[in-house]
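**Q** Chains as they are written, first to last, in the working numbering: chain X, 9 to 291; chain V, 9 to 291; chain E, 9 to 291; chain P, 9 to 291.
Careful, some of the hints might be misleading.
Identical copies look the same in the list; a pair holds intra-copy or inter-copy alike.
To be verified - Below are the BS3-like pairs computed for lysine-lysine, each with C-alpha atoms no more than 30 Å apart in a straight line:
#1 K290 <-> K111
#2 K276 <-> K31
#3 K276 <-> K111
#4 K173 <-> K111
#5 K31 <-> K173
#6 K31 <-> K66
#7 K290 <-> K173
#8 K111 <-> K66
#9 K66 <-> K276
#10 K66 <-> K173
#11 K31 <-> K111
Hints in this document: simulated from the structure, not taken from any laboratory.
All values reported here derive from a predicted model rather than from experimental measurement.
The chain contents come next:
Number of protein chains: 4
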Amino acid sequence: MSAQDATSAWLRAWDDYEFHTLKLTRHHTTGVGHIGYRCSSPEALARRVAAIEASDFKVLGWVDGDPGHGRAFRFEDPFGHVFEIYWETVHYAHSDRDRPALKNNASRFHHTGAAPRRLDHLNLLSSDVAEFRRFMVTCLGSRVTEMIELDNGRIGGCWFTVNNKTYDLACTEEHGGGAGRLHHVTYATDQREDILRAADIFLENGVHIETGPHKHAIQNTFFLYVWEPAGNRVELANAGARLILAPDWETVVWTEAERRRGQAWGLKTIETFHTHGTPPVKT
Amino acid sequence: MSAQDATSAWLRAWDDYEFHTLKLTRHHTTGVGHIGYRCSSPEALARRVAAIEASDFKVLGWVDGDPGHGRAFRFEDPFGHVFEIYWETVHYAHSDRDRPALKNNASRFHHTGAAPRRLDHLNLLSSDVAEFRRFMVTCLGSRVTEMIELDNGRIGGCWFTVNNKTYDLACTEEHGGGAGRLHHVTYATDQREDILRAADIFLENGVHIETGPHKHAIQNTFFLYVWEPAGNRVELANAGARLILAPDWETVVWTEAERRRGQAWGLKTIETFHTHGTPPVKT
Amino acid sequence: MSAQDATSAWLRAWDDYEFHTLKLTRHHTTGVGHIGYRCSSPEALARRVAAIEASDFKVLGWVDGDPGHGRAFRFEDPFGHVFEIYWETVHYAHSDRDRPALKNNASRFHHTGAAPRRLDHLNLLSSDVAEFRRFMVTCLGSRVTEMIELDNGRIGGCWFTVNNKTYDLACTEEHGGGAGRLHHVTYATDQREDILRAADIFLENGVHIETGPHKHAIQNTFFLYVWEPAGNRVELANAGARLILAPDWETVVWTEAERRRGQAWGLKTIETFHTHGTPPVKT
Amino acid sequence: MSAQDATSAWLRAWDDYEFHTLKLTRHHTTGVGHIGYRCSSPEALARRVAAIEASDFKVLGWVDGDPGHGRAFRFEDPFGHVFEIYWETVHYAHSDRDRPALKNNASRFHHTGAAPRRLDHLNLLSSDVAEFRRFMVTCLGSRVTEMIELDNGRIGGCWFTVNNKTYDLACTEEHGGGAGRLHHVTYATDQREDILRAADIFLENGVHIETGPHKHAIQNTFFLYVWEPAGNRVELANAGARLILAPDWETVVWTEAERRRGQAWGLKTIETFHTHGTPPVKT
Numbered sequence: 009m010s011a012q013d014a015t016s017a018w019l020r021a022w023d024d025y026e027f028h029t030l031k032l033t034r035h036h037t038t039g040v041g042h043i044g045y046r047c048s049s050p051e052a053l054a055r056r057v058a059a060i061e062a063s064d065f066k067v068l069g070w071v072d073g074d075p076g077h078g079r080a081f082r083f084e085d086p087f088g089h090v091f092e093i094y095w096e097t098v099h100y101a102h103s104d105r106d107r108p109a110l111k112n113n114a115s116r117f118h119h120t121g122a123a124p125r126r127l128d129h130l131n132l133l134s135s136d137v138a139e140f141r142r143f144m145v146t147c148l149g150s151r152v153t154e155m156i157e158l159d160n161g162r163i164g165g166c167w168f169t170v171n172n173k174t175y176d177l178a179c180t181e182e183h184g185g186g187a188g189r190l191h192h193v194t195y196a197t198d199q200r201e202d203i204l205r206a207a208d209i210f211l212e213n214g215v216h217i218e219t220g221p222h223k224h225a226i227q228n229t230f231f232l233y234v235w236e237p238a239g240n241r242v243e244l245a246n247a248g249a250r251l252i253l254a255p256d257w258e259t260v261v262w263t264e265a266e267r268r269r270g271q272a273w274g275l276k277t278i279e280t281f282h283t284h285g286t287p288p289v290k291t
Numbered sequence: 009m010s011a012q013d014a015t016s017a018w019l020r021a022w023d024d025y026e027f028h029t030l031k032l033t034r035h036h037t038t039g040v041g042h043i044g045y046r047c048s049s050p051e052a053l054a055r056r057v058a059a060i061e062a063s064d065f066k067v068l069g070w071v072d073g074d075p076g077h078g079r080a081f082r083f084e085d086p087f088g089h090v091f092e093i094y095w096e097t098v099h100y101a102h103s104d105r106d107r108p109a110l111k112n113n114a115s116r117f118h119h120t121g122a123a124p125r126r127l128d129h130l131n132l133l134s135s136d137v138a139e140f141r142r143f144m145v146t147c148l149g150s151r152v153t154e155m156i157e158l159d160n161g162r163i164g165g166c167w168f169t170v171n172n173k174t175y176d177l178a179c180t181e182e183h184g185g186g187a188g189r190l191h192h193v194t195y196a197t198d199q200r201e202d203i204l205r206a207a208d209i210f211l212e213n214g215v216h217i218e219t220g221p222h223k224h225a226i227q228n229t230f231f232l233y234v235w236e237p238a239g240n241r242v243e244l245a246n247a248g249a250r251l252i253l254a255p256d257w258e259t260v261v262w263t264e265a266e267r268r269r270g271q272a273w274g275l276k277t278i279e280t281f282h283t284h285g286t287p288p289v290k291t
Numbered sequence: 009m010s011a012q013d014a015t016s017a018w019l020r021a022w023d024d025y026e027f028h029t030l031k032l033t034r035h036h037t038t039g040v041g042h043i044g045y046r047c048s049s050p051e052a053l054a055r056r057v058a059a060i061e062a063s064d065f066k067v068l069g070w071v072d073g074d075p076g077h078g079r080a081f082r083f084e085d086p087f088g089h090v091f092e093i094y095w096e097t098v099h100y101a102h103s104d105r106d107r108p109a110l111k112n113n114a115s116r117f118h119h120t121g122a123a124p125r126r127l128d129h130l131n132l133l134s135s136d137v138a139e140f141r142r143f144m145v146t147c148l149g150s151r152v153t154e155m156i157e158l159d160n161g162r163i164g165g166c167w168f169t170v171n172n173k174t175y176d177l178a179c180t181e182e183h184g185g186g187a188g189r190l191h192h193v194t195y196a197t198d199q200r201e202d203i204l205r206a207a208d209i210f211l212e213n214g215v216h217i218e219t220g221p222h223k224h225a226i227q228n229t230f231f232l233y234v235w236e237p238a239g240n241r242v243e244l245a246n247a248g249a250r251l252i253l254a255p256d257w258e259t260v261v262w263t264e265a266e267r268r269r270g271q272a273w274g275l276k277t278i279e280t281f282h283t284h285g286t287p288p289v290k291t
Numbered sequence: 009m010s011a012q013d014a015t016s017a018w019l020r021a022w023d024d025y026e027f028h029t030l031k032l033t034r035h036h037t038t039g040v041g042h043i044g045y046r047c048s049s050p051e052a053l054a055r056r057v058a059a060i061e062a063s064d065f066k067v068l069g070w071v072d073g074d075p076g077h078g079r080a081f082r083f084e085d086p087f088g089h090v091f092e093i094y095w096e097t098v099h100y101a102h103s104d105r106d107r108p109a110l111k112n113n114a115s116r117f118h119h120t121g122a123a124p125r126r127l128d129h130l131n132l133l134s135s136d137v138a139e140f141r142r143f144m145v146t147c148l149g150s151r152v153t154e155m156i157e158l159d160n161g162r163i164g165g166c167w168f169t170v171n172n173k174t175y176d177l178a179c180t181e182e183h184g185g186g187a188g189r190l191h192h193v194t195y196a197t198d199q200r201e202d203i204l205r206a207a208d209i210f211l212e213n214g215v216h217i218e219t220g221p222h223k224h225a226i227q228n229t230f231f232l233y234v235w236e237p238a239g240n241r242v243e244l245a246n247a248g249a250r251l252i253l254a255p256d257w258e259t260v261v262w263t264e265a266e267r268r269r270g271q272a273w274g275l276k277t278i279e280t281f282h283t284h285g286t287p288p289v290k291t
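Only chain X is shown next, with the shape it has when bound in the complex (with noise of 0.2 Å):
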């Protein structure tokens, strides 16, 4: 934890360079209160504020920040997910007591609980996955490495990226009639080993299992989806050393019957898994 005070805590993974790259807040409910990305320049944050500004989304303006990163331009989703975009951050700074034996790591490898070592990614629900797509690349410039096309002609899926990685932010169909919820957010291990020693950490641990830990066939990605006691899904992941490497990458489009040969060695999809997202919609 990087830091806390009476109705926030700051949290990191141990390799993250930043001061926090997960915000919780006290609530009376679950879900994501806002997603952030840091801009790759100065220029390229303005860049982006004019794109967002010149097109048909909602805009919130620019907020003064948090500890964790300096003033922030918001904006909002079709769905009601609150974004944010900010150059100006605070990397994380180890105390002694947190001070790496290697020095090129942001801090210690501490060992404890699953301890992956970086934010990968979230995963969001829109009823209208197109038109999310149209958010993503309008205003954050998103590539989409990969999507799913069902026979219904809607896209049931789509998997988006601003740099190497195969994917920073996925959105998914929303099928519980609510409005700006997570689906789930996910952190980074080094190996899938450390992905199966922490499913023992969470059994051993009381903490519910969804499902995995199983090989994504969409992004090979080897995950675990656990639900954290409040009821947010989080995963662990590894992508191997897979990375988007293409600048002309095509996005590979699934299609509903390839989808239905389950999860790359076959396990079926849980049915919770299509329509578990927080916060719960209310019945």
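Position chains V, E and P relative to chain X; hints supplied.
**A** For chains V, E and P alone, kept in the frame of chain X given last:
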């Protein structure tokens, strides 16, 4: 193997998206013929060509290309290494025989030998690493992610990247009096377990294991070095989930004292690692 | 493959010390022909033969043996499974071609396919597991390390061992009305990573993956089940460092309620696992 | 830790079935106080006592036991190592706090530090390994699975087992002039990945890593050696699926020439490994 003729063979790892990532040419000695970088767009290629032509580095000019890519611009570092940059490439088109089970892979996981996923980086030797750094920054726009600063003020080694990988090229000091020499070429495996397994395969097949498996202090890379039968050093490496995601990453500088501690877990670097390069130096 | 003739093939894993650990016989259907155990000494063989002859189980008598071992004593369980016990065996003698780099291995690590190290166990089906247990204890002197006790008082499954392995044979309840059927045969890999890698190999080669990789609650075994082309179920398994080192180990008894929680990390056991055995039952 | 008083602490790995597998006693120096073996039955204990009493080795007689086991018979090898054998033991009884999620484990997987599963073996030093071998075979009925035969005809090292593990005790030649010294004690992890991860934990916590991770040629064991703060050498090891299942296993004999090739993947054995034992020799 992607292709072969009387004098050359074009090789790639199973998930390299290009037609080839390693070209072997029949020759009287070992070493590297040229180093190729693909640019991120035709515009980026034009910008790089302009920068190189405006520099004091040696321009060799355009060549027609190769079975694996289109026309390329050639230039040379002050130490005799020939570089090529290009945009037009040949995306690998798998046949029915090597069609992958998962359509997002470039070809089938053939599980033959060490079976790494993709090309990772190469390491060149130079008698003046500081000058080599100027070459890489000027000509390729590379960032320096880590480096060794010797007690005598010289740079002992330098790690460069043009993307989110921790490095795509390294340069270390030439101690053998050679020119334009190669230290090693590296392919990336998905897991470090793949490297332990590969060590057994090399052992069973009489391939000279020079050092490893172990973990580099620099870049945290898990490594294994072998010499192919002709003498070129080949590395298998795994970076875990480590990427350079900070656009304002500050170069990590290692001192001689820090290097004396050995590799991450204490292994002393063996003597041949400091002296063996290819081609061999005539004595 | 150790040997082959017109009707049979003798197979072994690369570090199995015997000439063969699996004999394939050309036949009109699938299933297990017989199960062989090697005794720990000629005296142990004599003691077992005496115990079996003194029992009420069916004695088939001595047979001459096989290319892979000397004369063997045959007997049968009440469900139609034929067993053999023997002392004289043929230690595998590697040729120059499969000479191991390390002389303490039985043959070269060939790294072909899943490449498990050795035979681990097999699983038979029986309509009365309690009676099967009496057979194993009486005839083979096996210990019961774990078992399932159903709410109706029947034994749902039983895991047996005659050495320090957690089990060398398991028996689960026959639900398909068959007789003398096989549930699966298992080979052991060194690491569970080998099993994840094998899953990719099965996927690429169109082998039916029934379930896994996952971890059994019973015995903590990391597993993967596939069906070979003819339909016999084959498992790859890894027990980690788990052995039964307590001479006074008390049988671990699992209740139906405990089994309902699924496998160790929550995976529900798929339906075919309860019904598919070989040979298929005529309907 | 199972228990502690003013002068001793009783330790165990999380799946060791006995109350303790390591007893630490406050002392002015390092080394091993005594080595304990549990017999397989009261009858086996009686047989061993008779064999020891009939031998020319030094008998120390019965002692009352320890919080971790019942009465024990003490004897001594010619080099000053004290051994105990016993039958009555204290099976570890977990509390609610360390109750395992899976009832077939002795206690909860606590994932603290290296977290090995169980005790594996120890390695003693002796000035005459052939004589030590006579002691082990006579007194403990051990089998010799592998050994080193030096060019001078002496035995350089000997690996013993009384069960299916590849070894439970090793003895190597004392080169420092000490008596009754310990070379190392070893705990087993489930996977070799656990050992790579442990190396990072040792690194971050300033524990001296002597050598490894690497793979021994002898016994194929994947290893890592560290020195605990007082100086005793501790090993983490993983044997993969390798067991000695052949009742007629022939001792594998390694020559000096074979040993000169280094460990399995070529690592040269470092000097301290041949000289460092505990307690230190007075000079």
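**Q** Go through the copies and call it for K31 and K173: within, between, both or neither, with a Cα cutoff of 30 Å.
**A** both (22 Å within a copy, 27 Å between copies)
**Q** For the identical chains here, do K111 and K66 meet the 30 Å Cα criterion within one copy, between copies, both, or neither?
**A** Neither: 43 Å inside a chain and 37 Å across chains, both beyond 30 Å.
**Q** Pop the pair K31 and K111 into one bin, within, between, both or neither, using alpha-carbon distances up to 30 Å.
**A** So K31 and K111 pass the 30 Å test inside one copy only (26 Å; across, 36 Å).
**Q** Can you tell me if K173 and K111 fall within 30 Å by alpha carbon in one copy, between copies, both or neither?
**A** Answer is both: 24 Å inside a copy and 18 Å across each meet the 30 Å cutoff.
**Q** For K276 vs K31, is the C-alpha pair at or below 30 Å within one copy, between two copies, both, or neither?
**A** Neither, since 33 Å and 34 Å both go past 30 Å.
**Q** Checking an output row: K66 and K276, CA cutoff 30 Å. Within, between, both or neither?
**A** Classified as neither; 38 Å inside a copy, 44 Å across copies.
**Q** Have a look at K66 and K173 and pick one of within, between, both or neither, based on CA distance no larger than 30 Å.
**A** within (28 Å within a copy, 35 Å between copies)
**Q** Could you place K31 and K66 in one of the four classes (within, between, both, neither) given a Cα distance threshold of 30 Å?
**A** within (23 Å within a copy, 51 Å between copies)
**Q** How would you classify K290 and K173 at a CA-CA limit of 30 Å: within, between, both, or neither?
**A** Neither way: K290 and K173 sit 36 Å apart in one copy and 44 Å across, limit 30 Å.
**Q** Measure nothing new, just compare the shortest in-copy and cross-copy C-alpha distances for K290 and K111 to 30 Å and report within, between, both or neither.
**A** Answer is neither: 49 Å inside a copy and 39 Å across each miss the 30 Å cutoff.
**Q** Classify it for me, K276 with K111: is the Cα-Cα distance of at most 30 Å met within a copy, between copies, both or neither?
**A** So K276 and K111 pass the 30 Å test across copies only (18 Å; inside, 43 Å).
The structure is inconsistent with the numbered hints 1, 2, 7, 8 and 9, although it conforms to all the rest.
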